[in-house]
Amino acid sequence: MDDVKGILQSKTVWSLLVGLTATLLLKAGYTVGDADQAAIVNYILQGVEVVSYLAGIVFRIKATKAIGA
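Numbering (the numbering used here) for the sequence shown: -7 to 61.
Derived from the structure by calculation, the hints contain no laboratory data.
Even glycine gets a Cβ: it sits at the ideal position worked out from N, Cα and C.
Some clues are possibly wrong.
As the list claims (entries may be wrong) - Once the Cα atoms are required to be at most 27 Å apart in a straight line, the calculated DSS-like pairs of lysine-lysine come out as: (1) 54 - -3; (2) 3 - 19; (3) 3 - 54.
As the list claims (entries may be wrong) - Taking CB as the label site, the calculated pair distances span: (4) 9 - 52: 45 to 55 Å; (5) 58 - 21: 28 to 38 Å; (6) -4 - 59: 34 to 44 Å.
Kindly generate the complete structure, drawing on both the sequences and the hints.
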């Protein structure tokens, strides 16, 4: 690992910050109601859907070989 990048460019650091934030919110007593949970799950699923479609388009554009049978 000779290349250097900024700390905020690290996916590891970002994932740890997300986990730490979730832990701190739980320790502070933050709770989410049932209606909010359903909305959050819905937003996450919609995000996954969009990302998967975009990834499929990008991967097909970048592909160097045709899809065979």
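Now the hints, each set against the structure:
| no. | hint | verdict |
| --- | --- | --- |
| 1 | 54 - -3 | 26 Å, holds |
| 2 | 3 - 19 | 24 Å, holds |
| 3 | 3 - 54 | 23 Å, holds |
| 4 | 9 - 52: 45 to 55 Å | 33 Å, violated |
| 5 | 58 - 21: 28 to 38 Å | 56 Å, violated |
| 6 | -4 - 59: 34 to 44 Å | 39 Å, holds |
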